[in-house]
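**Q** Protein sequences, first through last, are from chains A and B. Following the numbering used here, the residues of the first sequence are numbered contiguously, the last one being 527. Following the numbering used here, the residues of the second sequence are numbered contiguously, the last one being 527.
These are calculated hints, taken from the structure and not from any lab test. C-beta: ideal position from N, C-alpha, C; glycine also. Watch out, some of these pointers could steer you wrong.
[Stated by the list, open to error] What follows is a list of derived Cβ distance ranges for each label pair:
| # | chain 1 | residue 1 | chain 2 | residue 2 | range |
| --- | --- | --- | --- | --- | --- |
| 1 | B | R225 | A | R491 | 41 to 47 Å |
| 2 | B | R272 | A | S92 | 41 to 47 Å |
| 3 | A | S98 | B | A354 | 42 to 48 Å |
| 4 | A | S92 | B | D241 | 31 to 37 Å |
[Said to hold, decoys possible] Computed footprint of chain A on chain B, listed as stretches where at least three residues anywhere in the stretch have a Cβ under 8 Å from a Cβ of chain A:
| # | stretch |
| --- | --- |
| 5 | 20-28 |
| 6 | 73-86 |
| 7 | 369-383 |
| 8 | 441-449 |
| 9 | 465-473 |
| 10 | 512-523 |
One letter stands for each residue in the lines below.
Number of protein chains: 2
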Amino acid sequence: MSHENDFPEGHCGERAILIRIHDRDNVAIVVNAGGLPAGRRLEDGTVLADDVPSGHKVALADIDEGAPVIRYGEAIGRAVKAIPRGSRVDESLVRSPSPPALKDLPIATQSGPGLPPLAGYSFEGYRNVDGTAGTRNILGITTSVQCVAGVADHLVRRIREELLPRYPNVDDVVALNHGYGCGVAIDAPAAVIPIRTLQNLARNPNLGDEVMVIGLGCEKLDPERLVPPDRVRASADGRSDPPVLCLQDETFRGFGDMVRAMMGMAERRLARLDLRRRETCPASDLVVGVQCGGSDAFSGVTANPAVGYAADLIVRAGGTVMFSEVTEVRDAIHLLAPRAADETVGRALLREMAWYDRYLESGGADRSANPTPGNKKGGLANVVEKALGSVIKSGSGRIADVLGPGERVRRKGLVFAATPASDFVCGTLQLAAGMNLQVFTTGRGTPYGLPLAPVVKVSSNTPLAERWRDLIDLDAGRIATGEAGIPDVGRELFRLILDVASGRRQAAAERLGLRNDLVLFHPAPVT
Amino acid sequence: MSHENDFPEGHCGERAILIRIHDRDNVAIVVNAGGLPAGRRLEDGTVLADDVPSGHKVALADIDEGAPVIRYGEAIGRAVKAIPRGSRVDESLVRSPSPPALKDLPIATQSGPGLPPLAGYSFEGYRNVDGTAGTRNILGITTSVQCVAGVADHLVRRIREELLPRYPNVDDVVALNHGYGCGVAIDAPAAVIPIRTLQNLARNPNLGDEVMVIGLGCEKLDPERLVPPDRVRASADGRSDPPVLCLQDETFRGFGDMVRAMMGMAERRLARLDLRRRETCPASDLVVGVQCGGSDAFSGVTANPAVGYAADLIVRAGGTVMFSEVTEVRDAIHLLAPRAADETVGRALLREMAWYDRYLESGGADRSANPTPGNKKGGLANVVEKALGSVIKSGSGRIADVLGPGERVRRKGLVFAATPASDFVCGTLQLAAGMNLQVFTTGRGTPYGLPLAPVVKVSSNTPLAERWRDLIDLDAGRIATGEAGIPDVGRELFRLILDVASGRRQAAAERLGLRNDLVLFHPAPVT
Numbered sequence: 001m002s003h004e005n006d007f008p009e010g011h012c013g014e015r016a017i018l019i020r021i022h023d024r025d026n027v028a029i030v031v032n033a034g035g036l037p038a039g040r041r042l043e044d045g046t047v048l049a050d051d052v053p054s055g056h057k058v059a060l061a062d063i064d065e066g067a068p069v070i071r072y073g074e075a076i077g078r079a080v081k082a083i084p085r086g087s088r089v090d091e092s093l094v095r096s097p098s099p100p101a102l103k104d105l106p107i108a109t110q111s112g113p114g115l116p117p118l119a120g121y122s123f124e125g126y127r128n129v130d131g132t133a134g135t136r137n138i139l140g141i142t143t144s145v146q147c148v149a150g151v152a153d154h155l156v157r158r159i160r161e162e163l164l165p166r167y168p169n170v171d172d173v174v175a176l177n178h179g180y181g182c183g184v185a186i187d188a189p190a191a192v193i194p195i196r197t198l199q200n201l202a203r204n205p206n207l208g209d210e211v212m213v214i215g216l217g218c219e220k221l222d223p224e225r226l227v228p229p230d231r232v233r234a235s236a237d238g239r240s241d242p243p244v245l246c247l248q249d250e251t252f253r254g255f256g257d258m259v260r261a262m263m264g265m266a267e268r269r270l271a272r273l274d275l276r277r278r279e280t281c282p283a284s285d286l287v288v289g290v291q292c293g294g295s296d297a298f299s300g301v302t303a304n305p306a307v308g309y310a311a312d313l314i315v316r317a318g319g320t321v322m323f324s325e326v327t328e329v330r331d332a333i334h335l336l337a338p339r340a341a342d343e344t345v346g347r348a349l350l351r352e353m354a355w356y357d358r359y360l361e362s363g364g365a366d367r368s369a370n371p372t373p374g375n376k377k378g379g380l381a382n383v384v385e386k387a388l389g390s391v392i393k394s395g396s397g398r399i400a401d402v403l404g405p406g407e408r409v410r411r412k413g414l415v416f417a418a419t420p421a422s423d424f425v426c427g428t429l430q431l432a433a434g435m436n437l438q439v440f441t442t443g444r445g446t447p448y449g450l451p452l453a454p455v456v457k458v459s460s461n462t463p464l465a466e467r468w469r470d471l472i473d474l475d476a477g478r479i480a481t482g483e484a485g486i487p488d489v490g491r492e493l494f495r496l497i498l499d500v501a502s503g504r505r506q507a508a509a510e511r512l513g514l515r516n517d518l519v520l521f522h523p524a525p526v527t
Numbered sequence: 001m002s003h004e005n006d007f008p009e010g011h012c013g014e015r016a017i018l019i020r021i022h023d024r025d026n027v028a029i030v031v032n033a034g035g036l037p038a039g040r041r042l043e044d045g046t047v048l049a050d051d052v053p054s055g056h057k058v059a060l061a062d063i064d065e066g067a068p069v070i071r072y073g074e075a076i077g078r079a080v081k082a083i084p085r086g087s088r089v090d091e092s093l094v095r096s097p098s099p100p101a102l103k104d105l106p107i108a109t110q111s112g113p114g115l116p117p118l119a120g121y122s123f124e125g126y127r128n129v130d131g132t133a134g135t136r137n138i139l140g141i142t143t144s145v146q147c148v149a150g151v152a153d154h155l156v157r158r159i160r161e162e163l164l165p166r167y168p169n170v171d172d173v174v175a176l177n178h179g180y181g182c183g184v185a186i187d188a189p190a191a192v193i194p195i196r197t198l199q200n201l202a203r204n205p206n207l208g209d210e211v212m213v214i215g216l217g218c219e220k221l222d223p224e225r226l227v228p229p230d231r232v233r234a235s236a237d238g239r240s241d242p243p244v245l246c247l248q249d250e251t252f253r254g255f256g257d258m259v260r261a262m263m264g265m266a267e268r269r270l271a272r273l274d275l276r277r278r279e280t281c282p283a284s285d286l287v288v289g290v291q292c293g294g295s296d297a298f299s300g301v302t303a304n305p306a307v308g309y310a311a312d313l314i315v316r317a318g319g320t321v322m323f324s325e326v327t328e329v330r331d332a333i334h335l336l337a338p339r340a341a342d343e344t345v346g347r348a349l350l351r352e353m354a355w356y357d358r359y360l361e362s363g364g365a366d367r368s369a370n371p372t373p374g375n376k377k378g379g380l381a382n383v384v385e386k387a388l389g390s391v392i393k394s395g396s397g398r399i400a401d402v403l404g405p406g407e408r409v410r411r412k413g414l415v416f417a418a419t420p421a422s423d424f425v426c427g428t429l430q431l432a433a434g435m436n437l438q439v440f441t442t443g444r445g446t447p448y449g450l451p452l453a454p455v456v457k458v459s460s461n462t463p464l465a466e467r468w469r470d471l472i473d474l475d476a477g478r479i480a481t482g483e484a485g486i487p488d489v490g491r492e493l494f495r496l497i498l499d500v501a502s503g504r505r506q507a508a509a510e511r512l513g514l515r516n517d518l519v520l521f522h523p524a525p526v527t
């Protein structure tokens, strides 16, 4: 990556800053917060033919019609018409290529020795019976069907008001409400996804081994299916109160009766959770999900590379990093398949891509449906440019494993957890996979938060970080301006992750109590 | 419908009560709350060969293998093996038929003169500019994307605590949160459904013409698309504050700033809503959705016929009744197509059935995915039996119109609004269609409620109504025991609807503050 500064006498007196990532690139992006005006001469002699907003691309050379437009050293598409040097290159000038073919892709060719280990890092976490560690101590109330959501919300309000103040070591109580459970084709092939997602959400490490399931009684998704298998063991050691309560249980004389029973069930669990204390856990107990949302053209050069740097540190320390978002990985799959740890992992990666291609096609769509109007306003021309900037979050390590949507992590290291790119769906699936902390990068800004794990938000540009001081945890925009390097921000993020994981710091969304709903990936029909 | 009582010397001393609906029926259902034991002799001489639980079926004659099992005068399937008289007939003994073919179905052949008008009924409602009437006076906060849900929830808490007490004529404030808006294939063919659902939810008559949309700014669903077209007019008459606020608006210096702006926006609307008063509205302003959930074998003989009776009264009074739930209508379509008001309406009805057949097939499912374990425990053998009992809610009138999922009512009378049968998805779509009150029947029991309209809950059996005194509004179980006739309960329900619509009474779920989430019907892919 190189910063190109023009002559000091430039327009407005402000130094022009552009970022060109790879030597092969024939475009660079404008860093200056106010953009740069037509007529401005850059250091390399290029004269801007158009006004170019911040984050948008400038042609550094004449690009012939049909010739590749190159960023990140990769073609992000071909020129729709001849693009003279100095032009602004927006999405209308770039014809998107087909995604890389999945056949005959080199697999596991870069799987070499792996990253060097990193010792000596730890955080203060809550140790769970199953060997995982929580970064928070939360009572989760799992629900088997949306029908009970109103009751679960009522219950959570009552617990917050009447019980939680008496159990100060418990961080929160959360109802795991969702839109699934009944009125669905529960035996359809794709129903496996929402069902295992709910099963695994109930096992999230931040829920401290406690299980409390509220069901209705007539729904298709049997509430007993949401009790983790290891609870059978746990109930043998004196914890005999049943983990499932169904509202249709004929012993209940109306609503008041149900609420009394549920409050009792909650209190027994709160009492146990309240006895737990943080203890020193190795950094290898981190399960960090990385995600981007509301991306701009800076995301791929500032926030995402810093996350990638931190991801490498976590992996080197023995921890787990999950990256996701199939439609933002699809166009960079030729860069990822070689990083698979072995042939099996590589095949699994390609299988997830192929599944998603078919899924989109069956709904009359393709991966070009991904970029948002906000992405484009932020300077991203298409999903190829978005994907190339997105996968950088995965760092440089080998891909140790691939999870289907809603599956739970089973190997440490860098893991690809296949999910849609939709922020709230991806977040829900990463929680199901066992994530105990999420890192979220954004260029446009989003107040996004999750109910079961802290979300550390990294801005890709400084103006956003300054405007949203109370919503952004770390400013990676300093990388664009040259104030900080990627390793600096990456190490800072790693330390911040350890602090937030330890409860020494709260992430912004957590401090403000902002949390999105759980939104399941539910590709099977409703009935 | 006939009640068959056995001889007084029967087992347990309790009178055996069975319901046979049609003269052709070769099965009847047991009414007695505790069921009836094997060996019991019924009035017609049938001796029970098995214990038969309440709500379950008894063969009143020998049924040969392959012969039709008949209930409601219709074949609900064929006998899997010979069924001797007196046997319990459960789902294992009934082979489901194919659904009625949609080709060559008689259409609009019963469209005759229509039901006789009924004058003199009214309720006290809130008159809206667009001619509709509200039964409640609610501030609705529409959201364009799930990303803003955490902020919207925070806002609603603040408004409830700080503003609502100062505006006593406003019933409630509701955030219309949902799982749509970004990370979706917004141009996919089926995306029209969630988008028009959100557009029409914002226009629900209980939201009093006020519009407040919270967007993020980079999402795919442009928040401006959620402003009803008639608001352009309304903003000309002095209401000049813009209806949309985007969190990414660059004038906001962080979260506190956003919240202040949204509180101001909300307060201006609360002040206007607070000036509204109920006025006498004709019953023709009712838009009542009817729905069943957690059904049992009684639903089709008690609650649903009473709802059908009340539906006829509403239609006769010039009002609108919507029935829905495609998979619970599909197997009774041969009974409904003849009731279409004309050929166009009939074709629209068949088109919705065909669309849903294809939708289910594309997901590897069919309408047999509908009945729940609870339905079966309640005595329903399959979707045919469920459908025959379900469509009775539509009463006996002509079908005046057919709406696609998420469309808004455009004609008064009996309307088929195509929706999934899933309670929470159906409720959301009926709210989008403009429903100002819902009637919900249940046999198994559900605490279901809706955020934008009161839900009147009718139990199909007396034990449920007695157990759930604080959750059930009306007991139709008295019809099964012979204590009341269908017209009695139907008229009682009609009066209750007018009382609840007028705010003179609160429905149970409303009184307890129980409301399900809005769950969109979203058949297009996520990305």
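**Q** Against this structure, judge whether each hint is valid.
**A** We went through each hint and held it up to the structure:
no.: 1; hint: B:R225 - A:R491: 41 to 47 Å; in the structure: 44 Å, holds
no.: 2; hint: B:R272 - A:S92: 41 to 47 Å; in the structure: 43 Å, holds
no.: 3; hint: A:S98 - B:A354: 42 to 48 Å; in the structure: 34 Å, violated
no.: 4; hint: A:S92 - B:D241: 31 to 37 Å; in the structure: 35 Å, holds
no.: 5; hint: 20-28; in the structure: violated (count 0)
no.: 6; hint: 73-86; in the structure: violated (count 0)
no.: 7; hint: 369-383; in the structure: holds (count 8)
no.: 8; hint: 441-449; in the structure: holds (count 6)
no.: 9; hint: 465-473; in the structure: holds (count 5)
no.: 10; hint: 512-523; in the structure: holds (count 9)
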